[in-house]
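Q: Position chain R against the provided structure of chain A, taking the given hints into account.
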Amino acid sequence: MGRLVLRRLGATVPVLLLVTAGVFLLLHLTPGDPIDVMMAESVDATVKENLRHELGLDRPLHVQYAAWMGRLLRGDLGRSIRNGEPVIENVSRRLRPSLELALCAMAISLVIAFPLGIASAMRRNTTIDRAGATFALCGICMPNFLLALLLIFLFGVTLRWLPISGYTDPLEEPWNGLRSLALPAVTLGLALAAVVTRTLRSSLLEALAEDYVRTARAKGLSEWQVIWSHVLKNALIPVVTVLGLQLGTLIGGAVITEYVFALPGVGRLVVDAVFARDYPLVQGVVLLIAVGFILSNLIVDVLYGWIDPRIRSR
Amino acid sequence: MATMRPARDARTVSRRDFLLMCAVASGVPAMSLDPRQAAGGDVPRKGGTLRVGFYIEAATMDPHFSGSKIDRQVYHNIYEPLVTLDVKLGIKPGLAEAWQQPDARTLIFKLRRGVKFHDGTDFNAEAARFNFNRMKTEPKSVRKGEVASIDTVDVVDAYTIKLNLKRPDAALLATLTDRAGMMVSPKAVQERGSELERNARGAGTGPFEFVEWVKDAHLLIKRNESYWNKQGGPYLDRIRYRPIPDDTVKLQSLQTGEIDVMDYVQPRDVAAVRADRSVVVIDVPSLADFAYQLNHTRPPFATRALRQAVAYALDLDQIVKGVWLNVGVPANGPIPPTSWAYDKTIPPIKRDLAKVKAKLAEGGQANGFTFTMTTNNIPINVQEAEVIQAQLREAGITMKIKLVDSATLLADGNGRNFEMISYQWSGRPDPDGNTYQFYKTTQGTSLNWSGISNPQIDALLDRSREVSSQGERKKLFSDLTKILQDELPMVFIVHPIEPKAFSPKVQGYEPIPDGMMRFKDVWLQ
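Same order as they appear, the protein sequences are chains A and R. Just so you know, we're using the working numbering here: the first sequence kicks off at 1 and counts up by one. Just so you know, we're using the working numbering here: the second sequence kicks off at 315 and counts up by one.
A hint or two may mislead.
[To be verified] For lysine-lysine, the following DSSO-like pairs were computed, each having C-alpha atoms within a straight-line distance of at most 30 angstroms: (1) R:480 / A:48; (2) A:48 / R:529; (3) R:454 / A:48.
Don't read these hints as lab results, they were simulated from the structure.
Just chain A, same shape as in the assembly (with noise of 0.2 angstroms):
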């Protein structure tokens, strides 16, 4: 286990190197210039002249990369153009509204995406069955938008039971800080569960086909025990890499529903942060998200190991 860790870290670093020059290489040749965006109104040409030679954003682009590498192998992010203050701040106190949003997505995805995923795979082709296909396929079909300004129509603005938009951190205030979460996370979490109730579903069923499925239901095991004991966790993998996959999305990707929910979020941070053209800032958010989609592919890769013992030993 700890050499598949250590192989799966090794082959990070070429990954990470092609995401930071691809993504300076982009955002240098998309038209438009930092210190135009911050100094819109102004006239001032010298102004602008010297404080892009401050910033060293009249230098070739190798160079600038380079000095930005070698800045990043010390440890330094550098600082965003837009506010001056050190790029790792500026995530940090974005990544804890990101990642409870994200967690809250999932648990809410889970709790329905089970017993639904299993209700259905037990119940092939009957009424729960379809009802899990039609809210399954509502689900991803839904635009995130939509459902999240409809959640605000019925629950913010009709029965008046959660707020509207904004953030309260669940660390500091709980009950708020979960109301504050409420909405946005049943808007991510909805979409998910759709796509792991169909997974789910569908690797249940194929587990239900095997052969120890018929031993199992031959030595007399209820079929909640065949269930639960021998074919869930058969049918885990595929559920888990794409709830592995998703982890990444709900952290980076989920710009609208911050956007909607008055979030402050990582998503919404890196799409500002390219509107302004704040290439310190773009950067340090896409390495570390980059960074973020390989932890949470590791961790899949760990989990595929416990679920499954002839990985481990491979």
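A: Then chain R, alone, in the frame of chain A:
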């Protein structure tokens, strides 16, 4: 020697009178008032927290480094400029209680006595000089352009400063009503340095003091208990600003009482908000000027007749009605109806397809021509572009639309890499700020994206800075507007109105056309 000493209480025009006036001037219904508010002539009450929703977060707390409009909304409550604006854009005393202009190159301010910064230090002539010097010399200062005409600042006595100008600058006084005139505590600057950008505790003199700014969450200010002006407010205990980026969600937050004030209502929402009795809408006529710059340095718009063909092909009334839903007025030029310099005898250019035909022939493109418009990829801009496209098509002109984000728009504009490009200027209180930098001949990068260079316009612009009589300046700007309608560095579209929405319990808000929300006299019922 021209001495000006405006009335101490400049609130001689009530909000209703003013809006009525604007409504008459602009031909639009100016405001909708909740009847409960109209009835509420109660005595102002102290206390309460006002919760304000903004579309984005402030960028910095240092007015000398600020380049973002939203920052000013906060500044106007914690900092004070030397002079301030009244509802008619007249200049009234602020931290300076009077001023004199002995000649065109000298401006003397008599400063108010007994004013203290929130950190307890005195506001005086030395502090004012410190601020001007900082704006002029600090490398990161964004104010340099605004104070460029100031050569040196002399301290005459403890409460008098003299600005010696490099050249006559009739617009300087109006410029000092905003960030360039705001006074920051020298002690706060020296002790805190760049930290001031995040923490403005003690730095201002205004009716409210900075408390804290939790980035991405909220910015909190509280009442200044020892505010120098004992008339009226501040009444509110605290003001809490919050960023809510989505317009629909921001509006719903107001309707459900999560916030009390929102900075801007989209035209598409105005009708619905007016119908909602839980919300009060106040139309604030703006200083803004929304137009399209035409590139004079390359075909097709190097040819004046083709610029004119486009202008005559547009139906501004239809655009303002259909796209802006009448939350704005058709523009006759760069100067908004809120300004004393606005000339209502000059009508906006009227659509005239016969003239378009003649102009196309004159420009050598009798069968029409094709060009590209560059504009921001935001809903109202896209709608406007599509309406313009359709109107031009009827006149035989083909327009392609290139949608870009604002950083690309700025890059294309500064690089003159466009044929026709959207330009939405938030406006300045003095007409100079809506004209000079756009139409004066300039080398290199400037806001004169069109590249217009016309000796007649240059002369008018320079003259408008030299004369100090408002009547004379108004005539110069009228002449300028007429020439601009003929030369067309820009096609002018609309002067938008910026509606703000309030909870009915918010009282005492006075809409100044610069759109800034000054909460000194605001109270909660």
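Q: List in ascending order the numbers of the hints, as given earlier, that are violated by the structure.
A: none
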